[in-house]
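Trainee: The lines below spell out each chain.
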Amino acid sequence: SQQGEEDPQALSIQEGENATMNCSYKTSINNLQWYRQNSGRGLVHLILIRSNEREKHSGRLRVTLDTSKKSSSLLITASRAADTASYFCATDAAGSNYKLTFGKGTLLTVNP
Amino acid sequence: GAGVSQTPSNKVTEKGKYVELRCDPISGHTALYWYRQSLGQGPEFLIYFQGTGAADDSGLPNDRFFAVRPEGSVSTLKIQRTERGDSAVYLCASSVSGSLAGELFFGEGSRLTVL
Numbered sequence: 281s282q283q284g285e286e287d288p289q290a291l292s293i294q295e296g297e298n299a300t301m302n303c304s305y306k307t308s309i310n311n312l313q314w315y316r317q318n319s320g321r322g323l324v325h326l327i328l329i330r331s332n333e334r335e336k337h338s339g340r341l342r343v344t345l346d347t348s349k350k351s352s353s354l355l356i357t358a359s360r361a362a363d364t365a366s367y368f369c370a371t372d373a374a375g376s377n378y379k380l381t382f383g384k385g386t387l388l389t390v391n392p
Numbered sequence: 161g162a163g164v165s166q167t168p169s170n171k172v173t174e175k176g177k178y179v180e181l182r183c184d185p186i187s188g189h190t191a192l193y194w195y196r197q198s199l200g201q202g203p204e205f206l207i208y209f210q211g212t213g214a215a216d217d218s219g220l221p222n223d224r225f226f227a228v229r230p231e232g233s234v235s236t237l238k239i240q241r242t243e244r245g246d247s248a249v250y251l252c253a254s255s256v257s258g259s260l261a262g263e264l265f266f267g268e269g270s271r272l273t274v275l
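For the protein sequence lines, the chains are A and B, in the order given. Residues in the first sequence are numbered consecutively from 281, following the numbering used here. Residues in the second sequence are numbered consecutively from 161, following the numbering used here.
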């Protein structure tokens, strides 16, 4: 079963615009991670946010976490065509300190 | 190598055949994971190893699936009597330690097609 649900399923924007993807989950977590997957490739880790953190930045990425709403968002600022990929959130459920459960992902297309 | 290596990258087999998929994790990573990804879906957890032992195999769909990691490094996912529904990309990932789920490093995957 999949713990996280990303929203929207697909997002198409123009280069230079910001992209926001959301993730909702069902159970208490230890941490939440975001991964990126280019078509036909493996997943690449982007950022990890712990349950006691509310916001984290890494370059053009900004992640927020609201544990009361069981939701997270990933913001990519000043998007580039190379950001085109699928983005997945993954949760490490409390009491399951080793199993990352992934959502279905958001397919982001950045048009040049 | 520097990353997680999976072989074969592509495997086409006939229904009913036996298949082995291999994963060579990053050196020194004690935790190793197998996931399965179908088209348009996120990775689905299959099994997790901490060292040589399977710490959690609750994601294996049935007893046709089995995985080993005899020396705590390379792992093999074994599928018996393959079915068309087994067609998917099988992803392997490793991490430094599984005591707290940190960053996973993924291989490129093995694409399995069962005809």
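Hints were generated in silico from the structure; no laboratory data involved. A hint or two may mislead.
[Unchecked claim] With a straight-line cut-off of 27 Å between C-alpha atoms, the simulated DSS-like cross-links for lysine-lysine are:
1) A/Lys379 to B/Lys175
2) A/Lys336 to A/Lys349
3) A/Lys350 to B/Lys177
4) B/Lys171 to A/Lys384
5) A/Lys379 to A/Lys306
6) A/Lys350 to A/Lys336
7) A/Lys379 to A/Lys349
8) B/Lys238 to B/Lys171
9) A/Lys350 to A/Lys306
Trainee: For each hint, tell me whether it holds in the structure or not.
Mentor: Going through the hints against the structure:
no. : hint                 : in the structure
1   : A/Lys379 to B/Lys175 : 30 Å, violated
2   : A/Lys336 to A/Lys349 : 17 Å, holds
3   : A/Lys350 to B/Lys177 : 43 Å, violated
4   : B/Lys171 to A/Lys384 : 24 Å, holds
5   : A/Lys379 to A/Lys306 : 15 Å, holds
6   : A/Lys350 to A/Lys336 : 16 Å, holds
7   : A/Lys379 to A/Lys349 : 22 Å, holds
8   : B/Lys238 to B/Lys171 : 13 Å, holds
9   : A/Lys350 to A/Lys306 : 7 Å, holds
Going down the numbered hints, you'll see the structure goes against 1, 3, while the others check out.
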